Amino acid sequence: MQYENIEFSLNDGIARVTLNRPDKLNSFNVAMHNELAHALGVIEAQGARVLILTGNGRGFCAGQDLSEGQMSRANEVDLGQTIDKYYAPLVRRLHALPMPVVVGVNGVAAGAGANLALAGDIVIAKQSASFIQPFCRLGLLPDTGGTYVLPRLVGRARAMGLSLLGDKLSAQQAEQWGLIWECVSDDAFQVRLDELARHFAAAATKGLAYTKRALNESLSNTLDEQLDLERDLMRELGASQDYAEGVSAFLEKRPAVFKGN
1 MQYENIEFSL
11 NDGIARVTLN
21 RPDKLNSFNV
31 AMHNELAHAL
41 GVIEAQGARV
51 LILTGNGRGF
61 CAGQDLSEGQ
71 MSRANEVDLG
81 QTIDKYYAPL
91 VRRLHALPMP
101 VVVGVNGVAA
111 GAGANLALAG
121 DIVIAKQSAS
131 FIQPFCRLGL
141 LPDTGGTYVL
151 PRLVGRARAM
161 GLSLLGDKLS
171 AQQAEQWGLI
181 WECVSDDAFQ
191 VRLDELARHF
201 AAAATKGLAY
211 TKRALNESLS
221 NTLDEQLDLE
231 RDLMRELGAS
241 QDYAEGVSAF
251 LEKRPAVFKG
261 N
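The numbering of the sequence shown is our numbering, which starts it at 1 and goes up by one.
What the hints contain is simulated information worked out from the structure, not anything from laboratory work.
Just so you know, not all the hints are guaranteed correct.
EDC-like, lysine to aspartate or glutamate: derived pairs with alpha carbons at most 20 Å apart [said to hold, decoys possible]:
1) LYS212 <-> ASP224
2) LYS212 <-> ASP232
3) LYS253 <-> ASP232
4) LYS212 <-> ASP167
5) LYS253 <-> GLU230
6) LYS24 <-> GLU44
7) LYS85 <-> ASP65
8) LYS212 <-> ASP187
Per label pair, the in silico range of CB-to-CB distance [claimed, not checked]:
9) GLN173 <-> VAL77: 28 to 34 Å
10) GLU225 <-> PRO98: 17 to 23 Å
11) GLU44 <-> ARG137: 34 to 40 Å
12) LYS253 <-> GLN127: 35 to 41 Å
13) SER220 <-> LEU66: 15 to 21 Å
14) ARG235 <-> LEU66: 45 to 51 Å
15) TRP177 <-> LEU138: 41 to 47 Å
16) GLN127 <-> ASP232: 56 to 62 Å
17) GLU4 <-> LEU223: 47 to 53 Å
18) TYR148 <-> ASP224: 46 to 52 Å
19) GLU44 <-> LEU153: 33 to 39 Å
20) GLU4 <-> GLU225: 42 to 48 Å
Given the structure is predicted, the values throughout are model-derived calculations rather than measurements.
Backbone N, C-alpha and C fix where the C-beta goes; we use that ideal spot for every residue, glycine too.
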């Protein structure tokens with residue numbers, strides 16, 4: 001597939017997807033959704049060990065491109081269908097990817113773009129970046145998993161404030177609130193993103209994938225269900241090549257060389 005609205009590469013276990021509509025602050029149109037879905041299919045099929053997701057230009061993603069087609073005609077658009085066809089499958093795929101998803105928020109992340117970023121496993125942001133939930137200004141609610149993830153990350157009071165007021169949240173404040181993992185200086189942003197890419201590409205991928213799964217499922221599990229899940233996943237991981245290598249490396253006092261399985 002020829003990519004025009006995203007940039008995509010997969011090398012040395014590192015998959016990189018860069019949203020590439022900088023003149024539109026990387027807002028989503030149908031073509032970008034389709035290209036991103038195709039790239040995720042390649043990542044799933046070819047076994048990357050980490051996905052790095054970021055944007056080109058001064059924005060990460062401004063959400064839905066409201067100038068596209070029916071989006072500008074409120075009496076004709078079916079937003080439920082748009083979510084069902086594009087945004088919900090995207091969030092589900094990112095959550096299900098058996099590898100860390102590292103999101104680099106290089107600029108403003110607004111609406112669906114903000115919640116796309118929050119669907120990542122490790123989220124870092126430039127100090128100059130910001131997060132906005134502007135749905136209230138359009139008579140809508142935070143979609144793309146926003147109503148799910150916001151209260152879980154920052155609590156009910158802050159989730160309500162962000163969603164009902166639509167105020168801009170700085171990257172620094174987002175880090176302090178626990179909305180993202182790390183706020184870094186603009187100059188250090190790309191270096192930090194590349195550092196994380198290399199780290200996860202050499203890590204014990206299956207263990208990280210199962211950790212991700214267990215943490216995601218814990219949000220709806222009882223304690224007994226979670227303890228059973230930990231038992232089952234640990235049983236599988238205990239038979240993995242990476243675990244054997246990790247133990248050998250520990251006993252031999254050397255760096256582990258993980259293969260991701």
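Hint-by-hint comparison with the structure:
no., hint, result
1, LYS212 <-> ASP224, "holds, 18 Å"
2, LYS212 <-> ASP232, "holds, 14 Å"
3, LYS253 <-> ASP232, "violated, 29 Å"
4, LYS212 <-> ASP167, "violated, 30 Å"
5, LYS253 <-> GLU230, "violated, 28 Å"
6, LYS24 <-> GLU44, "violated, 28 Å"
7, LYS85 <-> ASP65, "holds, 16 Å"
8, LYS212 <-> ASP187, "violated, 30 Å"
9, GLN173 <-> VAL77: 28 to 34 Å, "holds, 33 Å"
10, GLU225 <-> PRO98: 17 to 23 Å, "holds, 21 Å"
11, GLU44 <-> ARG137: 34 to 40 Å, "holds, 36 Å"
12, LYS253 <-> GLN127: 35 to 41 Å, "holds, 39 Å"
13, SER220 <-> LEU66: 15 to 21 Å, "violated, 33 Å"
14, ARG235 <-> LEU66: 45 to 51 Å, "holds, 49 Å"
15, TRP177 <-> LEU138: 41 to 47 Å, "violated, 24 Å"
16, GLN127 <-> ASP232: 56 to 62 Å, "violated, 42 Å"
17, GLU4 <-> LEU223: 47 to 53 Å, "holds, 48 Å"
18, TYR148 <-> ASP224: 46 to 52 Å, "violated, 23 Å"
19, GLU44 <-> LEU153: 33 to 39 Å, "violated, 26 Å"
20, GLU4 <-> GLU225: 42 to 48 Å, "holds, 45 Å"
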